[in-house]
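Following our numbering, the numbering of the sequence shown begins with 2 at its first residue and continues without gaps.
One or more of the hints may lead you astray.
Claimed, not checked - With a cut-off of at most 27 Å between alpha-carbon atoms, the simulated BS3-like pairs for lysine-lysine come out as follows:
hint: 1; residue 1: 26; residue 2: 100
hint: 2; residue 1: 100; residue 2: 118
hint: 3; residue 1: 26; residue 2: 118
Simulated from the structure, these hints should not be mistaken for laboratory data. Everything numeric in this text was worked out from a predicted model, so none of it was measured.
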Amino acid sequence: SSIWPTFPMSIFIQDDSLSGFICAKENVNAESCNIYQMDAMDSQSWTVDTSAPILVAEQPHEQMGFTGATIVSYEDTLFMFYIAFSAWGTDENGNDVNKNSTLNLATSRDGGASWQKDPNNPIPIHRNEAEPNIGSVGAQVIGSRIHLWVTDTYDSRAVGYFYYDPGIDDHN
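Please model the complete structure; the sequences and the hints are all you need to start from.
See below:
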(Lines of atoms letter the chains of each structure in order from A and count residues from 1; the text may use other names and numbers.)
(Lines give C-alpha, C1' and ligand atoms only; values in the text may rest on other atoms or scores of the structure.)
Protein backbone atom coordinates (compact mmCIF):
# COMPACT_ATOMS: atom_id res chain seq x y z
CA SER A 1 0.00 0.00 0.00
CA SER A 2 1.22 3.54 -0.65
CA ILE A 3 0.68 6.78 1.24
CA TRP A 4 0.72 10.47 0.33
CA PRO A 5 3.24 12.29 2.63
CA THR A 6 2.09 15.68 3.93
CA PHE A 7 4.39 16.73 6.82
CA PRO A 8 7.74 15.45 8.12
CA MET A 9 7.41 14.91 11.86
CA SER A 10 10.47 13.93 13.86
CA ILE A 11 13.67 11.88 13.74
CA PHE A 12 15.41 10.34 16.75
CA ILE A 13 18.19 7.85 17.53
CA GLN A 14 17.26 4.70 19.40
CA ASP A 15 19.51 1.69 19.97
CA ASP A 16 22.11 3.05 17.49
CA SER A 17 19.61 3.31 14.65
CA LEU A 18 17.52 6.12 13.24
CA SER A 19 13.76 6.17 13.63
CA GLY A 20 11.31 8.80 12.62
CA PHE A 21 7.74 9.68 11.88
CA ILE A 22 5.97 11.17 8.90
CA CYS A 23 2.46 12.46 8.53
CA ALA A 24 0.68 11.15 5.46
CA LYS A 25 -2.71 10.70 3.88
CA GLU A 26 -3.88 7.23 2.89
CA ASN A 27 -4.31 8.59 -0.65
CA VAL A 28 -4.13 11.94 -2.41
CA ASN A 29 -7.88 12.56 -1.95
CA ALA A 30 -8.04 11.70 1.76
CA GLU A 31 -9.11 14.61 3.95
CA SER A 32 -7.10 13.75 7.08
CA CYS A 33 -3.54 12.56 7.64
CA ASN A 34 -2.13 10.03 10.13
CA ILE A 35 1.33 9.33 11.60
CA TYR A 36 3.51 6.54 10.13
CA GLN A 37 6.84 5.22 11.38
CA MET A 38 10.09 5.34 9.38
CA ASP A 39 13.33 3.45 10.02
CA ALA A 40 16.87 3.75 8.62
CA MET A 41 20.44 2.73 9.27
CA ASP A 42 21.74 6.02 7.81
CA SER A 43 20.27 9.43 7.04
CA GLN A 44 19.96 8.73 3.31
CA SER A 45 17.82 5.60 3.10
CA TRP A 46 14.46 5.43 4.86
CA THR A 47 11.80 2.74 4.94
CA VAL A 48 8.27 3.85 5.81
CA ASP A 49 5.93 1.26 7.27
CA THR A 50 2.82 1.96 5.20
CA SER A 51 0.92 -1.08 6.49
CA ALA A 52 -0.71 0.81 9.37
CA PRO A 53 -0.36 4.26 10.96
CA ILE A 54 0.94 4.41 14.53
CA LEU A 55 -1.46 7.27 15.37
CA VAL A 56 -4.79 7.87 13.65
CA ALA A 57 -6.64 11.19 13.55
CA GLU A 58 -9.85 10.21 15.33
CA GLN A 59 -10.61 12.81 18.02
CA PRO A 60 -12.47 16.08 17.25
CA HIS A 61 -9.38 18.23 18.02
CA GLU A 62 -7.28 16.16 15.57
CA GLN A 63 -9.85 15.28 12.91
CA MET A 64 -7.73 16.63 10.01
CA GLY A 65 -4.45 15.13 11.21
CA PHE A 66 -1.03 16.01 12.53
CA THR A 67 1.71 18.47 11.57
CA GLY A 68 4.70 18.04 13.89
CA ALA A 69 6.15 16.04 16.75
CA THR A 70 9.12 15.63 19.02
CA ILE A 71 10.12 12.46 20.89
CA VAL A 72 12.10 12.12 24.12
CA SER A 73 12.92 9.12 26.29
CA TYR A 74 12.46 9.15 30.05
CA GLU A 75 12.64 6.11 32.36
CA ASP A 76 12.00 3.45 29.68
CA THR A 77 9.08 5.41 28.18
CA LEU A 78 9.04 7.33 24.91
CA PHE A 79 7.05 10.58 25.05
CA MET A 80 5.76 11.96 21.75
CA PHE A 81 4.52 15.53 21.98
CA TYR A 82 2.64 16.09 18.74
CA ILE A 83 0.64 18.81 17.06
CA ALA A 84 -2.84 17.94 15.84
CA PHE A 85 -5.31 20.12 13.98
CA SER A 86 -9.04 20.12 13.35
CA ALA A 87 -9.48 22.27 10.24
CA TRP A 88 -7.88 23.36 6.98
CA GLY A 89 -7.78 27.04 6.09
CA THR A 90 -6.15 29.42 3.63
CA ASP A 91 -3.45 31.98 4.39
CA GLU A 92 -3.16 35.49 2.92
CA ASN A 93 -1.34 34.05 -0.13
CA GLY A 94 -4.01 31.44 -0.87
CA ASN A 95 -1.96 28.49 0.47
CA ASP A 96 -3.61 25.67 2.41
CA VAL A 97 -2.71 25.84 6.10
CA ASN A 98 -3.76 23.93 9.19
CA LYS A 99 -6.04 25.65 11.69
CA ASN A 100 -6.99 25.05 15.32
CA SER A 101 -3.74 23.20 16.08
CA THR A 102 -3.18 21.81 19.59
CA LEU A 103 -0.39 20.18 21.59
CA ASN A 104 -0.98 16.51 22.46
CA LEU A 105 0.85 13.59 24.04
CA ALA A 106 1.27 9.90 23.25
CA THR A 107 3.53 7.43 25.08
CA SER A 108 5.19 4.16 24.20
CA ARG A 109 6.60 1.65 26.66
CA ASP A 110 7.75 -0.84 23.99
CA GLY A 111 10.34 1.21 22.10
CA GLY A 112 7.84 2.82 19.74
CA ALA A 113 6.10 -0.32 18.47
CA SER A 114 2.77 0.88 19.88
CA TRP A 115 1.59 4.26 21.16
CA GLN A 116 -1.12 5.31 23.61
CA LYS A 117 -2.68 8.76 23.33
CA ASP A 118 -3.08 10.59 26.63
CA PRO A 119 -6.79 10.60 27.58
CA ASN A 120 -6.43 14.25 28.68
CA ASN A 121 -5.43 15.49 25.20
CA PRO A 122 -5.12 18.20 24.11
CA ILE A 123 -2.68 19.66 26.64
CA PRO A 124 -4.16 23.03 27.75
CA ILE A 125 -1.40 25.57 26.96
CA HIS A 126 -3.09 27.88 24.45
CA ARG A 127 -3.35 31.65 24.69
CA ASN A 128 -6.60 31.54 22.79
CA GLU A 129 -8.64 28.48 23.75
CA ALA A 130 -11.33 29.35 21.18
CA GLU A 131 -8.85 29.12 18.28
CA PRO A 132 -5.57 27.45 19.29
CA ASN A 133 -2.70 27.61 16.80
CA ILE A 134 0.43 25.71 17.80
CA GLY A 135 3.23 25.93 15.21
CA SER A 136 5.96 23.61 16.46
CA VAL A 137 7.23 21.82 19.56
CA GLY A 138 10.66 20.83 20.86
CA ALA A 139 11.44 18.83 24.01
CA GLN A 140 14.39 17.96 26.22
CA VAL A 141 14.64 15.86 29.38
CA ILE A 142 16.40 17.63 32.24
CA GLY A 143 16.32 15.83 35.57
CA SER A 144 12.82 14.51 36.27
CA ARG A 145 11.01 16.91 33.92
CA ILE A 146 10.47 17.20 30.20
CA HIS A 147 11.00 20.79 29.10
CA LEU A 148 8.93 21.98 26.13
CA TRP A 149 9.42 24.90 23.77
CA VAL A 150 6.28 25.62 21.77
CA THR A 151 5.74 28.16 19.00
CA ASP A 152 2.38 29.52 17.94
CA THR A 153 1.10 30.78 14.60
CA TYR A 154 -0.70 33.88 15.82
CA ASP A 155 0.26 37.23 14.30
CA SER A 156 2.94 37.80 16.97
CA ARG A 157 4.66 34.39 16.44
CA ALA A 158 5.62 33.75 20.06
CA VAL A 159 7.71 31.00 21.69
CA GLY A 160 6.41 29.56 24.94
CA TYR A 161 8.21 27.50 27.55
CA PHE A 162 6.47 24.81 29.58
CA TYR A 163 7.53 21.74 31.50
CA TYR A 164 5.87 18.38 31.74
CA ASP A 165 6.34 16.27 34.85
CA PRO A 166 5.86 12.55 34.02
CA GLY A 167 5.16 11.86 37.71
CA ILE A 168 1.87 13.79 37.66
CA ASP A 169 -1.09 11.80 36.31
CA ASP A 170 -3.50 14.60 35.38
CA HIS A 171 -1.98 17.58 33.57
CA ASN A 172 -5.19 19.57 33.16
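Hint check:
At roughly 17 Å between alpha-carbon atoms, residue 26 and residue 100 fall within 27 Å of each other, so this suggested pair holds. For a cut-off of 27 Å, the pair hint linking residue 100 to residue 118 stands: about 21 Å separates their Cα positions. For the proposed pair residue 26 and residue 118, the alpha carbon gap of about 20 Å is at most 27 Å, so the pair holds.
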